[in-house]
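Going down the list, the sequences are from chains A and B. Number 219 in our numbering belongs to position 219 of the first sequence; there are no gaps in the numbering. Number 275 in our numbering belongs to position 275 of the second sequence; there are no gaps in the numbering.
Simulated from the structure, these hints should not be mistaken for laboratory data. Idealized CB from N, CA, C, for every residue including glycine. Possibly wrong hints are sitting among the right ones.
As the list claims (entries may be wrong) - In silico lysine-lysine, DSSO-like type, Cα no more than 27 Å apart, as pairs:
#	chain 1	residue 1	chain 2	residue 2
1	B	Lys-214	A	Lys-281
2	A	Lys-114	A	Lys-168
3	A	Lys-114	B	Lys-80
4	A	Lys-238	B	Lys-114
5	B	Lys-280	A	Lys-114
6	B	Lys-174	A	Lys-114
7	A	Lys-31	A	Lys-44
8	B	Lys-281	A	Lys-173
9	A	Lys-19	B	Lys-78
10	A	Lys-174	B	Lys-238
11	A	Lys-114	B	Lys-114
12	B	Lys-136	B	Lys-214
13	B	Lys-19	A	Lys-215
14	B	Lys-174	A	Lys-168
15	A	Lys-114	B	Lys-19
16	B	Lys-215	A	Lys-280
17	B	Lys-173	A	Lys-280
18	A	Lys-208	A	Lys-136
19	A	Lys-208	A	Lys-174
20	A	Lys-136	A	Lys-174
21	A	Lys-302	A	Lys-44
22	A	Lys-114	B	Lys-173
23	A	Lys-259	B	Lys-114
24	B	Lys-280	A	Lys-136
25	B	Lys-238	A	Lys-136
26	B	Lys-281	A	Lys-136
27	B	Lys-215	A	Lys-214
What the hints assert, rightly or not - Residues of chain B clear of chain A, computed beta-carbon distances all greater than 10 Å:
#	residue
28	Glu-54
29	Lys-60
30	Lys-71
31	Leu-74
32	Glu-97
33	Arg-108
34	Leu-110
35	Lys-114
36	Glu-124
37	Arg-128
38	Asp-134
39	Lys-177
40	Glu-255
There are 2 protein chains.
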Amino acid sequence: MKKCNFLIAGISQNDLDQKVWERLERLSQQKLLRLTDVDSLLVKFNPVDSRFMESMPNLKYIGILATGFGKIDLEYAKKKNITVCNVPGYSTESVAEFTFSVILDHLRDLERAKRQVRDGNYSEFGFRATEIRDKKFGIIGLGMIGTRVAQIAQGFGADVSYWSRNRKRDAEKKGIKFQELDELLLHSDFLSLHLSLTVETQNFLNRKRIAKIKKGAVVINLAPMELVDIKALSERLKKDEISFILDHSDEMTNEDLQKLLKYQNCIIYPPIAYISEEAKKSKQEIFVSNIENFLSGNPQNKVN
Amino acid sequence: MKKCNFLIAGISQNDLDQKVWERLERLSQQKLLRLTDVDSLLVKFNPVDSRFMESMPNLKYIGILATGFGKIDLEYAKKKNITVCNVPGYSTESVAEFTFSVILDHLRDLERAKRQVRDGNYSEFGFRATEIRDKKFGIIGLGMIGTRVAQIAQGFGADVSYWSRNRKRDAEKKGIKFQELDELLLHSDFLSLHLSLTVETQNFLNRKRIAKIKKGAVVINLAPMELVDIKALSERLKKDEISFILDHSDEMTNEDLQKLLKYQNCIIYPPIAYISEEAKKSKQEIFVSNIENFLSGNPQNKVN
Numbered sequence: 001m002k003k004c005n006f007l008i009a010g011i012s013q014n015d016l017d018q019k020v021w022e023r024l025e026r027l028s029q030q031k032l033l034r035l036t037d038v039d040s041l042l043v044k045f046n047p048v049d050s051r052f053m054e055s056m057p058n059l060k061y062i063g064i065l066a067t068g069f070g071k072i073d074l075e076y077a078k079k080k081n082i083t084v085c086n087v088p089g090y091s092t093e094s095v096a097e098f099t100f101s102v103i104l105d106h107l108r109d110l111e112r113a114k115r116q117v118r119d120g121n122y123s124e125f126g127f128r129a130t131e132i133r134d135k136k137f138g139i140i141g142l143g144m145i146g147t148r149v150a151q152i153a154q155g156f157g158a159d160v161s162y163w164s165r166n167r168k169r170d171a172e173k174k175g176i177k178f179q180e181l182d183e184l185l186l187h188s189d190f191l192s193l194h195l196s197l198t199v200e201t202q203n204f205l206n207r208k209r210i211a212k213i214k215k216g217a218v219v220i221n222l223a224p225m226e227l228v229d230i231k232a233l234s235e236r237l238k239k240d241e242i243s244f245i246l247d248h249s250d251e252m253t254n255e256d257l258q259k260l261l262k263y264q265n266c267i268i269y270p271p272i273a274y275i276s277e278e279a280k281k282s283k284q285e286i287f288v289s290n291i292e293n294f295l296s297g298n299p300q301n302k303v304n
Numbered sequence: 001m002k003k004c005n006f007l008i009a010g011i012s013q014n015d016l017d018q019k020v021w022e023r024l025e026r027l028s029q030q031k032l033l034r035l036t037d038v039d040s041l042l043v044k045f046n047p048v049d050s051r052f053m054e055s056m057p058n059l060k061y062i063g064i065l066a067t068g069f070g071k072i073d074l075e076y077a078k079k080k081n082i083t084v085c086n087v088p089g090y091s092t093e094s095v096a097e098f099t100f101s102v103i104l105d106h107l108r109d110l111e112r113a114k115r116q117v118r119d120g121n122y123s124e125f126g127f128r129a130t131e132i133r134d135k136k137f138g139i140i141g142l143g144m145i146g147t148r149v150a151q152i153a154q155g156f157g158a159d160v161s162y163w164s165r166n167r168k169r170d171a172e173k174k175g176i177k178f179q180e181l182d183e184l185l186l187h188s189d190f191l192s193l194h195l196s197l198t199v200e201t202q203n204f205l206n207r208k209r210i211a212k213i214k215k216g217a218v219v220i221n222l223a224p225m226e227l228v229d230i231k232a233l234s235e236r237l238k239k240d241e242i243s244f245i246l247d248h249s250d251e252m253t254n255e256d257l258q259k260l261l262k263y264q265n266c267i268i269y270p271p272i273a274y275i276s277e278e279a280k281k282s283k284q285e286i287f288v289s290n291i292e293n294f295l296s297g298n299p300q301n302k303v304n
């Protein structure tokens, strides 16, 4: 294969810069397409099941403009010798920095401060704040994002510990201490979730674990909310014993969302953790490079 | 002297915790006072000139519940053998963390994000952000606060440089690079001022220097606004070439304030940078310890 017959599904004009579209065009045969002509499928969040793949007997490549690939039938793709590539790690820094944005905003009550100034009131009266320094900062899941969050927390002078399925000796050498999960839940003043969603991690923060979270803790989850037992969480929030910060993406049902919106100690953001300009650029770069690498017979970021 | 005849001026019930008031009471003679009985004066921002001191012929000690001592006639106090002690450094961490709070809030548009969620809109559409990582982070004045800001910026992976009257070799060994002031102004993406206000630093960020600040830079000043030529600043803000973040304390005239309030790219906070619980506690601790140390003949934090 020298050029592709792309099918682009669920990726809109907004997802890619003009220059990237132009690069895609250069990689494409640019002719009228029937499904049976398609050899390359580009998707973002669209489900790609075996039936859809069957309709494209010449399909050789699926490129995902995202990290997650849970909606692609990887086994079927493998059987049919279809290469599936994703875009990993592009938003590590963006999400790690956002984690501290929302923590600090919560600790400093910036929204109220700015509103007060707009109303002509410059008093510091009634503002309270606590510092990150010397607090226990717990990280669940020490992948790329978790590791960067740990490093930034160390910059703030926090006492950083982690739990992960596998011990990370390199991180431990740099002062990021391993703790058993229960210990981490019981003692952390800040608790940040950085697990990827799999069959095993679904409902990871279950009722029993939520009950163990330290009173007064600030819990941050910028990972999928499927990691969390929402009913148990909302009951703990109701007691006003912890704060919870999340960014809402479509996976949460409206019913679950309504449960959480009731609580002032639950702070909900749109899904903007990953959207830095640097991340967007890097995401597009990896996405197109994946195609180029596939065409040159050296696929990168293959997930099947 | 074993106990004090305190005069407390301009320090209100709110300034000190109950326990600290009780400690003060234990250090006090607790009797009806005439000015001529006063041997110890406790103040926050009250001016203490030579005439006021003359009215207290037995005055031996002035304790300031603040870092600044510009309103005390130190020379006269020295001549009269009056020990003046301040509270230095108590808010270092609180101010350094606040610096990143306001930077990140600005980069991530958190206020709009939260407002949008309250209005039932969970879209990330229209949000833009940039990262701190790999950006040039310039620090003017590498004292205690400047140094902590530099260290936290390094945690974020920024490229950190500083300018200060005196070279700081220890910091340079840790990767905080010295730059000439003009270079720092011309190249920094973030520029944070951490100078103390003196006769020499008044109007430090003058018209010529403001003109040199890199287009697109975010400038943060949580130090006194007397460091800045407000007219020149407002003219640069008008061109929408830089953003400026400050906390407003009483020193700025209402006229100056009105000049700045006009610009969306000027973000003004109440003076809440220094108010963390940890800082408050440490401030009171140092304030009372200063008195105890003075009474035991070993004054600390003497400024005259």
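Hint by hint, here is what the structure shows:
1. B:Lys-214 / A:Lys-281: 23 Å, holds
2. A:Lys-114 / A:Lys-168: 41 Å, violated
3. A:Lys-114 / B:Lys-80: Answer violated: A:Lys-114 to B:Lys-80 is near 46 Å, above 27 Å.
4. A:Lys-238 / B:Lys-114: 20 Å, holds
5. B:Lys-280 / A:Lys-114: Holds - the C-alpha atoms of A:Lys-114 and B:Lys-280 are around 22 Å apart, at most 27 Å.
6. B:Lys-174 / A:Lys-114: 35 Å, violated
7. A:Lys-31 / A:Lys-44: 23 Å, holds
8. B:Lys-281 / A:Lys-173: Judged against 27 Å, a Cα distance of about 34 Å means the pair is violated.
9. A:Lys-19 / B:Lys-78: 70 Å, violated
10. A:Lys-174 / B:Lys-238: Cα-Cα ~46 Å, so violated.
11. A:Lys-114 / B:Lys-114: Holds, at about 13 Å.
12. B:Lys-136 / B:Lys-214: Satisfied, since the Cα-Cα distance of roughly 11 Å is no more than 27 Å.
13. B:Lys-19 / A:Lys-215: 25 Å, holds
14. B:Lys-174 / A:Lys-168: 26 Å, holds
15. A:Lys-114 / B:Lys-19: Violated - the C-alpha atoms of B:Lys-19 and A:Lys-114 are around 33 Å apart, more than 27 Å.
16. B:Lys-215 / A:Lys-280: The hint holds at about 23 Å.
17. B:Lys-173 / A:Lys-280: Cα-Cα ~35 Å, so violated.
18. A:Lys-208 / A:Lys-136: 21 Å, holds
19. A:Lys-208 / A:Lys-174: 31 Å, violated
20. A:Lys-136 / A:Lys-174: 16 Å, holds
21. A:Lys-302 / A:Lys-44: 15 Å, holds
22. A:Lys-114 / B:Lys-173: 38 Å, violated
23. A:Lys-259 / B:Lys-114: It holds: about 17 Å lies between the C-alpha atoms, which stays within 27 Å.
24. B:Lys-280 / A:Lys-136: 20 Å, holds
25. B:Lys-238 / A:Lys-136: 44 Å, violated
26. B:Lys-281 / A:Lys-136: This hinted pair holds, its Cα atoms lying about 19 Å apart.
27. B:Lys-215 / A:Lys-214: Given pair B:Lys-215, A:Lys-214 is violated - Cα atoms ~45 Å apart, limit 27 Å.
28. Glu-54: 34 Å, holds
29. Lys-60: It holds; B:Lys-60 is separated from chain A by about 32 Å at its closest Cβ, greater than 10 Å.
30. Lys-71: 19 Å, holds
31. Leu-74: B:Leu-74 is indeed farther than 10 Å from all Cβ atoms of chain A, at 27 Å.
32. Glu-97: Per Cβ check, B:Glu-97 is inside 10 Å of chain A; nearest 6 Å; violated.
33. Arg-108: At about 5 Å from chain A, B:Arg-108 fails to clear the 10 Å cut-off, so the statement is violated.
34. Leu-110: 5 Å, violated
35. Lys-114: 6 Å, violated
36. Glu-124: With a cut-off of 10 Å, B:Glu-124 comes too close to chain A, as the shortest Cβ separation is near 5 Å.
37. Arg-128: Check fails; 7 Å does not lie beyond 10 Å.
38. Asp-134: Violated, because the least Cβ-Cβ distance between B:Asp-134 and chain A comes to about 8 Å, which does not exceed 10 Å.
39. Lys-177: 17 Å, holds
40. Glu-255: Nearest chain A Cβ is 15 Å from B:Glu-255, so the label holds.
Checked against the numbered hints above, the structure violates hints 2, 3, 6, 8, 9, 10, 15, 17, 19, 22, 25, 27, 32, 33, 34, 35, 36, 37 and 38; every other hint is satisfied.
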